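Number of protein chains: 2
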Amino acid sequence: MELWFTENQNENVRFSIKIKEHIYSEKSEFQKIDVYETYGFGKLLTIDGIIMVTEKDEFIYHEMITHVPLAAKPSIKSVLVIGGGDGGTVRELTRYKTIEKIDMVEIDKMVVDVSKKYIKQTSKNLNDERVNLYYEDGIEFVKNRQDEYDLIIVDSTDPIGPGEGLFTEDFYKNCYKALKEDGIMINQNESPYYEKERKEFKRANKKIQKIFPIVEVYQFHMPTYPSGHWLFGFSSKGIKPVNKGINDWNKLDIKTKYYNTDIHNASFMLPNYVKEIIKDEK
Amino acid sequence: MELWFTENQNENVRFSIKIKEHIYSEKSEFQKIDVYETYGFGKLLTIDGIIMVTEKDEFIYHEMITHVPLAAKPSIKSVLVIGGGDGGTVRELTRYKTIEKIDMVEIDKMVVDVSKKYIKQTSKNLNDERVNLYYEDGIEFVKNRQDEYDLIIVDSTDPIGPGEGLFTEDFYKNCYKALKEDGIMINQNESPYYEKERKEFKRANKKIQKIFPIVEVYQFHMPTYPSGHWLFGFSSKGIKPVNKGINDWNKLDIKTKYYNTDIHNASFMLPNYVKEIIKDEK
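Chains as they are written, first to last, in this note's numbering: chain A, 44 to 325; chain B, 44 to 325.
Treat the hints with caution; some may be incorrect.
It does not matter which identical chain is used: a pair holds within one copy or between any two.
[Unchecked claim] List of simulated lysine to aspartate or glutamate pairs, EDC-like, C-alpha gap at most 16 angstroms: (1) Lys298 <-> Glu319; (2) Lys318 <-> Asp305; (3) Lys61 <-> Glu50; (4) Lys300 <-> Glu319; (5) Lys99 <-> Glu238; (6) Lys249 <-> Glu259; (7) Lys223 <-> Glu238; (8) Lys322 <-> Glu243; (9) Lys220 <-> Glu64; (10) Lys63 <-> Glu191; (11) Lys294 <-> Asp305; (12) Lys300 <-> Asp201; (13) Lys223 <-> Glu143; (14) Lys298 <-> Glu50; (15) Lys120 <-> Asp213; (16) Lys242 <-> Glu207; (17) Lys116 <-> Asp291.
FYI, nobody ran anything at the bench for these hints, they're computed from the structure. On a predicted model such as this, the values are computed, not experimentally measured, just so you know.
For reference, chain A alone in the conformation it holds in the complex (with noise of 0.2 angstroms):
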């Protein structure tokens, strides 16, 4: 017998990945938790049914929403992390000796529970004494900050269920007053190519854009998310994603299997139909 686990990444699209064992399944107060023992991915973890992270490619996405703000702004201190319960994100930031303070709201506790049981490669920093967790709407949470970060990274599922609300225009007006006056707000920003995804690329740049003065968007190869072609989006009150200090970055001597700087710029320089998808809403 095999087993086969199939995302149907849209209607008319399906993605199948060869499954060892179906180790976990819980429905939560939020989501149905699944985790996968697969064959040539490592372990897979799936949300309501969506591919969240395999430990084959997971690198790329936690390298790219982390490092990326960090060689644009290297004096960043105290970050925000919203959503990212299976700590990719923060083990990527735990590895700055200069960040002092990581808070990291996650709505459904269960998420991080089954990260830090079954997948020790994202979850194993999170017992970092600077990281602080918080079984909280991120939404909510953000709402009485003021001020505080130098960096906010919506770490988000999908528009749809508990992540719905991680692309409002009232949430990115928080994420902005929650940050100081350098801050960055690094955002999931779905992908441009099928419809679905583009359609809440183009929403929740429309919306950025009214509220940040540097919005801009890159882009990175995710191999099992739909169409491998992801983006998150850098917004700033003032700094450039791409300035003449992201070199600097090399210095710190942190090892990367995706980013690196060449990386980093090449990734901000986007094709022409994704351009238009920006320009259509501004």
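Put chain B on the given structure of chain A with help from the hints.
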């Protein structure tokens, strides 16, 4: 009833596209050729069950295989395309008024005939008067040529079946010989991500390194190919792929959907793990 086309990308990964109609299925002397009308991807051409072309994303592949060498060396006049039976590469080449001759050598006439009949989007310019179609083995064809082409594009299938000989050292040597003094060779260089394609990428790159003084690799997002992360090789007798002349390409006013001169430069910036694969083989 639902019809789905499924490609076994490797033993652990499957990619499926919903089908409206199976339009064509025939075995040629060399391979099995199928054409489908899909939901969401337009026409789909497969060879031996592997996706070659979908009307939705072929623009990325065909723009990146042609405009990169043409921007690096605008004086290109004579071009040899090996493979490329769907006609997409020729379509992009014919947009340059400065190109005088395009020899296309496709071993399997049936691929060209099927593309002409069913996939006009890619095949429409195969009748351009500068195009000479040869239904021959590209390996033999290139043996007898010397100092003849400014550009050779190896638009091959994977190195199985008739495509296999297009990944040998002898073949690359003959391409070198067939190129003029400042000639460029572009080759379909597989993918760095899954083991099967990574192995072929390494092998081809290693062989080409022995022959050409300039050997670089560039990447692009190709949603319907395994992992969505695909590579072309850029090899030349002296011309560098990223040079001061690149921006002159913009004066040509060729409308593209993926390619632009920023993407050109950015596509040669590779993730660390891809650079490691190349370094291993030197």
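Verification of the supplied hints:
1. Taking the shortest alpha-carbon separations for Lys298 and Glu319, only the inter-copy value of 13 angstroms comes in at or below 16 angstroms, while the best intra-copy value is 35 angstroms.
2. Taking identical chains as interchangeable, the C-alpha atoms of Lys318 and Asp305 lie at most 16 angstroms apart only when they sit on different chains, with a minimum of 12 angstroms there against 20 angstroms within one chain.
3. When the C-alpha separation of Lys61 and Glu50 is checked against a cutoff of 16 angstroms, the pair qualifies both within a copy, at 12 angstroms, and between copies, at 14 angstroms.
4. In the homo-oligomer, the alpha carbons of Lys300 and Glu319 lie at most 16 angstroms apart only across protomers (9 angstroms), although the nearest pairing inside one protomer, at 31 angstroms, exceeds that limit.
5. In this assembly of identical chains, the alpha carbons of Lys99 and Glu238 lie at most 16 angstroms apart only when taken from different copies (12 angstroms versus 26 angstroms within one copy).
6. For a Cα distance limit of 16 angstroms, the shortest separation of Lys249 from Glu259 inside one copy, 11 angstroms, qualifies, whereas the shortest one across copies, 37 angstroms, does not.
7. For the homomeric pair Lys223 and Glu238, neither the shortest alpha-carbon distance inside one copy (35 angstroms) nor that between copies (45 angstroms) is at most 16 angstroms.
8. For the homomeric pair Lys322 and Glu243, the shortest alpha-carbon distance inside one copy (15 angstroms) is at most 16 angstroms, but the shortest distance between copies (39 angstroms) is not.
9. Taking the shortest alpha-carbon separations for Lys220 and Glu64, neither the intra-copy value of 45 angstroms nor the inter-copy value of 53 angstroms comes in at or below 16 angstroms.
10. In this assembly of identical chains, Lys63 and Glu191 lie within 16 angstroms of each other by CA distance neither inside one copy nor across copies; the values are 45 angstroms within and 54 angstroms between.
11. For a Cα distance limit of 16 angstroms, the shortest separation of Lys294 from Asp305 inside one copy, 14 angstroms, qualifies, whereas the shortest one across copies, 27 angstroms, does not.
12. Taking the shortest alpha-carbon separations for Lys300 and Asp201, neither the intra-copy value of 25 angstroms nor the inter-copy value of 26 angstroms comes in at or below 16 angstroms.
13. Proximity of Lys223 and Glu143 under a CA criterion of 16 angstroms is satisfied intra-copy only: 15 angstroms inside one chain copy versus 59 angstroms between copies.
14. Proximity of Lys298 to Glu50 under the C-alpha cut-off of 16 angstroms is found in neither arrangement, the shortest distances being 32 angstroms within a copy and 35 angstroms between copies.
15. Proximity of Lys120 and Asp213 under a CA criterion of 16 angstroms is satisfied in neither setting, with 25 angstroms inside one chain copy and 56 angstroms between copies.
16. In this assembly of identical chains, Lys242 and Glu207 lie within 16 angstroms of each other by CA distance solely inside one copy; the values are 14 angstroms within and 41 angstroms between copies.
17. For the identical chains of this complex, Lys116 and Asp291 are intra-copy neighbours only, at 10 angstroms inside a copy versus 34 angstroms across copies, given an alpha-carbon limit of 16 angstroms.
The structure fails hints 7, 9, 10, 12, 14 and 15 (numbered hints given earlier, in ascending order).
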